[in-house]
Amino acid sequence: MTDTIAGQATDRVPVHFVEVDTDPLDTDTRVVLAIVMRSAASGEGAWPDIAGLATIDDDRGTIEIVRVDEKWRRHGIGKALVTAAEIAAGTELGPSREFSPNGKRLWRSLGRTVPATARSCPAREGDSWGAMLMAEVWWAHGKGDLATTTVLTEQVHDRCGGVTVPNPDS
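Take the sequence shown: its letters are residues 1 to 170, numbered as in full-length UniProt numbering.
In short, the hints are calculated from the structure, not lab data.
Incorrect hints may have been included.
[To be verified] Quick list of in silico lysine to aspartate or glutamate cross-link-like pairs, EDC-like style, CA-CA up to 20 Å:
hint	residue 1	residue 2
1	K79	D158
2	K79	D169
3	K79	D69
4	K79	D49
5	K71	D49
6	K71	D11
7	K79	D57
8	K71	D158
Based on the sequences and whatever the hints tell you, model everything.
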């Protein structure tokens with residue numbers, strides 16, 4: 001959806017953050033999505049572009065940035081995604097939340113940082129991969145019966161001073 005002021009498209013649009021509860025999928029992993037709304041080419045309706053995805057593993061006490069889409073990486077989505085995951089997890093990760101200089105994703109937990117593999121879209125077994133796919137399918141198809149969401153947008157914007165990206169539709 002293109003934000004407008006007096007009928008003119010704005011240069012930047014807000015990023016939305018939601019937590020997807022994947023408990024109905026029998027997984028211990030929760031998923032946080034960063035979403036940029038795009039206008040349909042016909043001008044009718046809008047569709048979500050998943051700009052980034054993080055997982056929260058409550059058993060391990062970790063947050064992982066699974067993916068930030070290449071076109072949004074330079075706009076602070078990764079750091080805002082960590083903030084959104086912290087809000088969803090009800091904790092702050094402290095000094096370990098810095099990103100590595102080589103851009104690798106990091107496992108993050110209280111008081112320590114352990115490097116994870118550095119694939120842009122990891123094809124690995126396990127809860128976080130399955131939860132990621134299911135979250136994308138759920139969000140793309142609006143299947144509210146598969147999961148519930150908690151909207152985190154306002155809290156993330158308050159903590160980060162607003163999170164916007166260039167308008168993809170202008």
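Do the hints match the structure? See the list:
Distance check on the hinted pair: K79 and D158 sit about 14 Å apart at the alpha-carbon level, within 20 Å; holds. Pair hint K79 plus D169 does not hold up; C-alpha atoms about 24 Å apart against a cutoff of 20 Å. Using a Cα cut-off of 20 Å, the hinted pair K79 and D69 holds, with the two alpha carbons roughly 13 Å apart. The hinted pair formed by K79 and D49 meets the criterion: a straight-line CA distance of about 18 Å does not exceed 20 Å.
A threshold of 20 Å between alpha carbons decides the hint, and for K71 with D49 the separation of about 11 Å falls inside it, so the pair holds. With a C-alpha separation of about 16 Å, the suggested pair K71 and D11 falls inside the 20 Å cut-off, and the hint holds. Pair hint K79 plus D57 holds up; C-alpha atoms about 18 Å apart against a cutoff of 20 Å. A distance of roughly 24 Å separates the Cα atoms of K71 and D158; the hinted pair therefore is violated under the 20 Å criterion.
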